[in-house]
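Colleague: The residues making up each chain are set out below.
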Amino acid sequence: MFELDTWQEILDTVRKNKLRTFLTGFSVAWGILMLIVLLGSGQGLSRGVEYGFRDDATNAIWMRSGQTSVPWKGLRPGRNVQFKNEDYDVIREGVKGVDHITARYFIRGTLTVAWHGETSSFDVRAVHPDHQHLEKSIVTEGRFLNPTDVEEHRKVAAIGERVKAQLFKSAPAIGEYLEIKGVPFQVVGVFTDEGGEGEQEKIYIPISTAQRAYGGANNVAMIMMTVGDASVDESQAIATDLRMRIAERHDFDPDDKRAVFISNAVVEFQRFVDLMGGIRLFVWVIGVGTLLAGVVGVSNIMMIAVKERTKEIGIRKAVGATPFSVMSLILKEAILVTGVAGYVGLVAGVALLELMSRSLGESEMFRNPEVDFGVAVSATLLLILAGGVAGFFPARKAAAIRPVEALRDE
Amino acid sequence: MEGSGDAMIRLSRLNKSYPMGSSKLHVLKGIDLSIAPGELVAIMGASGSGKSTLLNVLGLLDGYDDGDYHLDGQRIGQMSETKAAGLRASLLGFVFQSFNLIPFKTAVENVALPLYYQEVPRRKRNKLAEEYLDRVGLADRAGHLPRELSGGQQQRVAIARALISNPKVILADEPTGALDSQTSLEVMEVLRQINATGVTLLIVTHEREVAARTRRVIRLRDGRIEGDGPPETAFGPPSFAPAAFAQASPAPLAATPPS
Chain A
1 MFELDTWQEI LDTVRKNKLR TFLTGFSVAW GILMLIVLLG SGQGLSRGVE
51 YGFRDDATNA IWMRSGQTSV PWKGLRPGRN VQFKNEDYDV IREGVKGVDH
101 ITARYFIRGT LTVAWHGETS SFDVRAVHPD HQHLEKSIVT EGRFLNPTDV
151 EEHRKVAAIG ERVKAQLFKS APAIGEYLEI KGVPFQVVGV FTDEGGEGEQ
201 EKIYIPISTA QRAYGGANNV AMIMMTVGDA SVDESQAIAT DLRMRIAERH
251 DFDPDDKRAV FISNAVVEFQ RFVDLMGGIR LFVWVIGVGT LLAGVVGVSN
301 IMMIAVKERT KEIGIRKAVG ATPFSVMSLI LKEAILVTGV AGYVGLVAGV
351 ALLELMSRSL GESEMFRNPE VDFGVAVSAT LLLILAGGVA GFFPARKAAA
401 IRPVEALRDE
Chain B
1 MEGSGDAMIR LSRLNKSYPM GSSKLHVLKG IDLSIAPGEL VAIMGASGSG
51 KSTLLNVLGL LDGYDDGDYH LDGQRIGQMS ETKAAGLRAS LLGFVFQSFN
101 LIPFKTAVEN VALPLYYQEV PRRKRNKLAE EYLDRVGLAD RAGHLPRELS
151 GGQQQRVAIA RALISNPKVI LADEPTGALD SQTSLEVMEV LRQINATGVT
201 LLIVTHEREV AARTRRVIRL RDGRIEGDGP PETAFGPPSF APAAFAQASP
251 APLAATPPS
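Chains A and B, in that order, give the protein sequences. For the first sequence, the positions run 1 to 410 when the working numbering is used. For the second sequence, the positions run 1 to 259 when the working numbering is used.
Hints may be right or wrong, so weigh each one.
As the list claims (entries may be wrong) - Here are a few chain A residues that sit away from chain B, every Cβ distance over 12 Å (derived from the structure):
{"no.": "1", "residue": "Tyr177"}
{"no.": "2", "residue": "His250"}
{"no.": "3", "residue": "Thr322"}
{"no.": "4", "residue": "Phe366"}
Claimed, not checked - Within a straight-line C-alpha distance of at most 27 Å, the following computed DSSO-like cross-link-like pairs (lysine-lysine) qualify:
{"no.": "5", "chain 1": "A", "residue 1": "Lys332", "chain 2": "A", "residue 2": "Lys311"}
{"no.": "6", "chain 1": "A", "residue 1": "Lys84", "chain 2": "A", "residue 2": "Lys155"}
{"no.": "7", "chain 1": "B", "residue 1": "Lys29", "chain 2": "A", "residue 2": "Lys332"}
{"no.": "8", "chain 1": "A", "residue 1": "Lys307", "chain 2": "A", "residue 2": "Lys257"}
{"no.": "9", "chain 1": "B", "residue 1": "Lys83", "chain 2": "A", "residue 2": "Lys311"}
{"no.": "10", "chain 1": "B", "residue 1": "Lys83", "chain 2": "A", "residue 2": "Lys16"}
{"no.": "11", "chain 1": "A", "residue 1": "Lys307", "chain 2": "B", "residue 2": "Lys105"}
{"no.": "12", "chain 1": "A", "residue 1": "Lys18", "chain 2": "B", "residue 2": "Lys105"}
{"no.": "13", "chain 1": "B", "residue 1": "Lys127", "chain 2": "A", "residue 2": "Lys16"}
{"no.": "14", "chain 1": "A", "residue 1": "Lys307", "chain 2": "B", "residue 2": "Lys83"}
Said to hold, decoys possible - To be clear about the criterion: a stretch of chain A counts as covered by chain B if any three or more of its residues have a C-beta under 8 Å from a C-beta of chain B, and this derived list gives those stretches:
{"no.": "15", "segment": "74-84"}
{"no.": "16", "segment": "237-245"}
{"no.": "17", "segment": "310-320"}
{"no.": "18", "segment": "323-333"}
Simulated from the structure, these hints should not be mistaken for laboratory data. A quick note: this is a predicted structure, and the numbers were derived from the prediction, not measured. Quick reminder that beta carbons are idealized off the backbone N, C-alpha and C, glycines included.
Construct the entire structure; sequences and hints are all you get.
Modeller: Next up, the structure:
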């Protein structure tokens, strides 16, 4: 009964001091709102960056050939560099730290793909079996290409799920023969890829088969490899090693950046990891600052509120209030107001994030702005605690004031 | 009366001083006083004579340095604020010059407040509060806020608040100080009626008209009791002092304006 009565007394006080309640509540709600929007935006930004890397292996090195741009050992610049199967072999056998490796051969001309009269055009990639690890293809039916396919120049193909859906509709695809640019290939597997619909519209065939079937000799367009869990420095050493070997085999200046293009995802990924770390740090610094400003604001208002209530406290004490009851009145009020306001701020912040998320849509740089619930709740609790602590000291002081001081005529 | 065991209030050689920077201001200098239950006493004195300090000590609103204070048979020594609060709640009621009502509470809520601290259920205390408001003639003002009431009405609300906890002693500090003379008389009438029910009543005042309506006048001067007796003997012949704001001091020329 008395407990309920206490809360009634507090609610009464809160109701009848609307401005004070509003100011305290507003600063708490605003602080929490800003914090949540901030943390959520940081999360959205970092998710956007992560999304950019969802598709491919983050420990990959890709190598494309170019044109020499400086003279070398009496040879003129402007020569095309053409990778060969031997380059692939040399790297696979000779370069330390290479985990999975594949070459790619580009088939010339339009790539019409037909099955039972259904004709369509898809991107066909001629690769080694390890390509699966580089593109992070996920086999859903059958198998991916294997080394035997390459060795024996088998006419087999792994197709993306959307290829299957477009050509075969709901019919089984495994074992069926596709005609790719007039050459029949047997489907041995279906795969999906988290990289999106585009990546699921690919067809993979053994590189050796493609070179033979489409007149590619032993030419290779690009060589891609993963480097295990190599560090940034290790991956850069590998890239240098690659450049030296290719330069030696193709007679160009190892420093000629235009003769061969090497892109190192380890370095790129590290850059993004650093960027995400930076964003996270930035968000936290601002967040802690916001929270601190909120704490100071709440403390300030609590101190002024208690000061303003000195006389009221004196009256309460004169009619029999104990110091404890005075303190508990002020503290409970502080906790009630900050608690309710904190909750309002929390809900409003989450709603605002949801709104942001909807209106911005699925962009590459900003995805799913969302706040960690635990963080949001602990921030709210922290502010409530701050309100309590901020109220505690002036409340204790007020409770200790002799009523005669408090009641002294102004 | 002196030294009797059943006095409501008994002070012996009570001293009280306030620190003033490095020195001390000695306010009460060895007060000896005994007040029986049911008395109606006025405490008079010039500004700075120590009359308000005495009332604060008596009301457990302030401590004292040495001497002895017995209230309703209990010795009041150094005690915790919590214990003082308990005694205040059960024995004492206060009426102040500036009314000291809580501005955001209605008349009935103000009157009921002491019972809140005695853990009386809300409905019961509000009902009681209405009864006490009725006793001071304000039954129709129960739902009004203090600022919607006149000074005299506010003071009557404060009196009802002092009464509701059924105290043995009511201490009134200049209860008419902020009121015009007509209202002062009305408020005094209310206080006299309360005293008639057996409540011990101490009124600090500097108004002769107020003191004249009590049955015992204690005059303080410089922290000492200078005179103690019925009102008829406390003042000189009526022609000596100007009517309204005369000082209780027997030296009219030394009179200072009211505080």
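Colleague: The structure should be examined with respect to each hint, and the outcome stated for every one.
Modeller: Results for each hint:
| no. | hint | in the structure |
| --- | --- | --- |
| 1 | Tyr177 | holds (88 Å) |
| 2 | His250 | holds (90 Å) |
| 3 | Thr322 | violated (4 Å) |
| 4 | Phe366 | holds (48 Å) |
| 5 | A:Lys332 x A:Lys311 | holds (19 Å) |
| 6 | A:Lys84 x A:Lys155 | holds (21 Å) |
| 7 | B:Lys29 x A:Lys332 | violated (43 Å) |
| 8 | A:Lys307 x A:Lys257 | violated (73 Å) |
| 9 | B:Lys83 x A:Lys311 | holds (21 Å) |
| 10 | B:Lys83 x A:Lys16 | violated (30 Å) |
| 11 | A:Lys307 x B:Lys105 | holds (19 Å) |
| 12 | A:Lys18 x B:Lys105 | holds (14 Å) |
| 13 | B:Lys127 x A:Lys16 | holds (22 Å) |
| 14 | A:Lys307 x B:Lys83 | holds (24 Å) |
| 15 | 74-84 | violated (count 0) |
| 16 | 237-245 | violated (count 0) |
| 17 | 310-320 | holds (count 9) |
| 18 | 323-333 | holds (count 3) |
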